[in-house]
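Q: Just so you know, the sequences run in chain order A and B. Using full-length UniProt numbering, the letters of the first sequence map in sequence onto residues 1 to 479. Using full-length UniProt numbering, the letters of the second sequence map in sequence onto residues 1 to 479.
Keep in mind that the hints were calculated from the coordinates and are not lab data. There's no promise every hint is true.
Heads up, the list lumps identical chains together, so a pair's fine if it works in one copy or across two of them.
No farther apart than 25 Å at their CA atoms in a straight line, the calculated lysine-lysine pairs in the DSS-like style are these [as the list claims (entries may be wrong)]:
(1) Lys-473 <-> Lys-427
(2) Lys-447 <-> Lys-312
(3) Lys-146 <-> Lys-133
(4) Lys-200 <-> Lys-252
(5) Lys-115 <-> Lys-163
(6) Lys-196 <-> Lys-340
(7) Lys-447 <-> Lys-244
(8) Lys-274 <-> Lys-30
(9) Lys-311 <-> Lys-424
(10) Lys-43 <-> Lys-300
(11) Lys-340 <-> Lys-300
Protein chains: 2
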Amino acid sequence: MRETLEIRTDHKYVEVAERIETLIEKKVLKVGDKLLSVRALSKEQGISLSTAFQAYYFLESKGLIEARPQSGYYVKFSREYTRDLPKTSEPFDDATPVSVDDMINSVYVDLNAEKILNFSTGAPAVELLPTAKLNKAVMHVLRDSKTSCLHYEHIQGNVLLRKQIARQAFNWGGAPSEDDIIVTAGTVEALSLCVKAITKPGDAIAIESPTYFAIFQVMESHGLKVVEIPTNPLTGIDLDYLEKAIPRFDIKACLFVNNFNNPLGSCMPDENKKRLVDMLAKKEIPLIEDDIYGELYFGKTRPKTCKTYDKKGLVLHCASFSKSLAPGYRIGWTIPGRFKEKILRLKRMHTVSTNTLTQAAVANFLSNGRFELHLRHLRKALHTQSLRYIQAVSDLFPEDACVTRPQGGFTLWIEMNAKINAFKLHKRALKHNIGIAPGQIFSSQGKFENCFRISYGQPWSSRIEQGLSTLGKLMKDYK
Amino acid sequence: MRETLEIRTDHKYVEVAERIETLIEKKVLKVGDKLLSVRALSKEQGISLSTAFQAYYFLESKGLIEARPQSGYYVKFSREYTRDLPKTSEPFDDATPVSVDDMINSVYVDLNAEKILNFSTGAPAVELLPTAKLNKAVMHVLRDSKTSCLHYEHIQGNVLLRKQIARQAFNWGGAPSEDDIIVTAGTVEALSLCVKAITKPGDAIAIESPTYFAIFQVMESHGLKVVEIPTNPLTGIDLDYLEKAIPRFDIKACLFVNNFNNPLGSCMPDENKKRLVDMLAKKEIPLIEDDIYGELYFGKTRPKTCKTYDKKGLVLHCASFSKSLAPGYRIGWTIPGRFKEKILRLKRMHTVSTNTLTQAAVANFLSNGRFELHLRHLRKALHTQSLRYIQAVSDLFPEDACVTRPQGGFTLWIEMNAKINAFKLHKRALKHNIGIAPGQIFSSQGKFENCFRISYGQPWSSRIEQGLSTLGKLMKDYK
């Protein structure tokens, strides 16, 4: 078993680096400013030379400062100096039956081929996950289980796991009991069961635009019409538009990824969440909330969820450990409020109980208090990677390309010159063994033709730099 | 980790016991006949005293002979002396929308409560499963996997596992390649995806009667009407009835458990399977075949499947390891013929990929050639248990109760006097901490009011004898 690389975040150098970062953000230190020498920093802060060096190295890895040979360290990166944000998506103003394109198959056909540098995979790199400790958890539960985890688990899920999920909910202001939670085979099963529970074929359901294509596929499989709500890359869906769209399209339900929407990385401000919940509660419209990325925040605190403000049991909260801990374990859950009994019945009809062994292993891992520590490392790593990737995009992509500034999660959304077709770009990139997710698959109407999504789940490397450089060239040479 | 109890089936005593069993079956030895003394048997067969004793002990544990104190061994059991078979189910002659009763919830609410002697659980006892070797397989794959099995598996499933499933199919006369197989989260997911792929809401689908209630629930969730086909406790569905029912009810698809139907334990003769496949092929009607119990046969050879005779790709074969190896691992599959692409799409919409770790563990276990040996032990144990339970039912239940003679699987179906309501019996039994599955939940119309199902998955014990005795008393005292 391999140990994962553990970045100690409680070290002195991180603290020093963070204070310098604040100065850069507040523009006390500006791009191009020379920083103190390592020796001077060490003296000024009363820290060792090695700690001072580590602080600079850390800031450099984040793309915030750069070392110039024989000269010293300089401020390099400022949010203000990167590319523009993509625009808020345009309303399409229609409720359309979903027909998911064969494009998705084309993009995901060779997902696991090793030769491909895959920017389209939606999961953090395995080296960012606590493999050794999860393996130990598996062995521990195998040893302790009277049945070696071969028995059928309760349909609602392992009770210890549900207790841990309930405890975790405290972080977003929730206070569910274990009895309010239903464990599922990942978030997609949770979403599918929730959609099935609250809609009937032909109903219109509101979603973000752009949105993760798996969500369209869930809609398609249930015969629903979708209404794509314009979505801002920073603040999420346009609530005023939604309010008018509800009566206009007779919207029966909503499904939103409010925290770090995939692909935009937007985060709906908590006050908007409250307004959204109140607006829907008045009309008795249920809201499915996909919070799969909620724990992967880069700010000081975890954003709240819509469930936090739910008084009527109308919010069906869905999430999983697939993006934060163990993709292949297939453990998700829903906290479906007043729809619990219906969803339990549906689960019995579709997959019955969820995997006994991996449920027990995750419960064991969480009950040892290891999840919080792991999440701190993961957030730090993803934040650093996001900055590094954004910097590279700014350096390597054509000047008119815009890029998002995700506040969490692990996806970047690139808006290119209108003449570039992202699906063609995807085909060309694939010839260079590079995988991207073209914008067309993030809309039911094939919108976002000149956009694409890349994931920064993989730690920075020269192979990635080379890949982004090739992508930039393909865009520049596009005809 | 615990080692499982391994019954060596290649021992001399088993061979001797089997020859005696044949004599009993052929009525050369009749009930009440005295057997040779242990010493005489030892001499006659040229075996040791201990082998002779073991042979008698083995036959005794099967309920075939009994030891009378100071007298010797006597033939006890003969199939002819047990109860009558239940009748072939009556046709209901209608296509009805499914509405699954709250009864199911009532029966399965406390499935895992330890104090309950649960005859309603549909799985073999954990002590019949190769726990230690499966645990080793888990550890092996964790050690060997570059990602510790944390990555998302291919949506179609682990390729090594699919190869093993393809190899296993040889036993029923199939020759699929790994590319024809889709791995699912247990058989219920496979059935649900297949039903979704070949029907639309409102369609009529033919099923057995009685049938496993989870199958009704799948139908209900897809908005289908079911046509219950009369089913013989030995030979399965009435093909003549089905042939007439197809045009009459405009049947669009069939779903049958041909091998050891749950609850009847019936096995459709292979020539009937061929006739069924040919009949449906002419009309281009797809057949979903649930072969989850197929490996648990008590006869000399594995029964064929309908897929064996499928030339047009119209048979969607479904099965799993849940009843034969590892219930909690949630690994099933489908070999869906011409519907493969459609089912892959649906799987992506509903649960995406299946658990990476348990897929790899099962693949490892199978590729070590351990499955066949385990199955031989399991079949032997279940066969012995079936005979023991049938004997006890004959001894302890009222004289007018009929019982099935399963040829595989692990369920018995009891038909009681018409005045006894099985759901009431279930309620009364529960007060004595005994769980049974009342007949009403095996029909969409609440038929089979005077029937119930018990599982003989648990090895014989005095607790089980006591439980069956209590059940018998409740039936005798029923008012």
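Q: Hint by hint, say whether it matches the structure.
A: Here is how each hint holds up against the structure:
1. Lys-473 <-> Lys-427: Intra 14 Å, inter 73 Å, cutoff 25 Å: intra-copy only.
2. Lys-447 <-> Lys-312: Neither. Shortest intra-copy (35 Å) and inter-copy (40 Å) distances fail the 25 Å Cα cut-off.
3. Lys-146 <-> Lys-133: So Lys-146 and Lys-133 pass the 25 Å test inside a copy (22 Å) and across (15 Å) alike.
4. Lys-200 <-> Lys-252: For Lys-200 and Lys-252, both the intra-copy (9 Å) and inter-copy (22 Å) Cα distances are at most 25 Å.
5. Lys-115 <-> Lys-163: For Lys-115 and Lys-163, the Cα distance is within 25 Å only across copies (23 Å; inside one copy 42 Å).
6. Lys-196 <-> Lys-340: both (12 Å within a copy, 23 Å between copies)
7. Lys-447 <-> Lys-244: Classified as within; 22 Å inside a copy, 51 Å across copies.
8. Lys-274 <-> Lys-30: neither (37 Å within a copy, 80 Å between copies)
9. Lys-311 <-> Lys-424: Neither, since 47 Å and 40 Å both go past 25 Å.
10. Lys-43 <-> Lys-300: Neither: 29 Å inside a copy, 86 Å across copies.
11. Lys-340 <-> Lys-300: For Lys-340 and Lys-300, the Cα distance exceeds 25 Å both inside one copy (33 Å) and across copies (47 Å).
Of the numbered hints stated above, those contradicted by the structure are hints 2, 8, 9, 10, 11, listed in ascending order.
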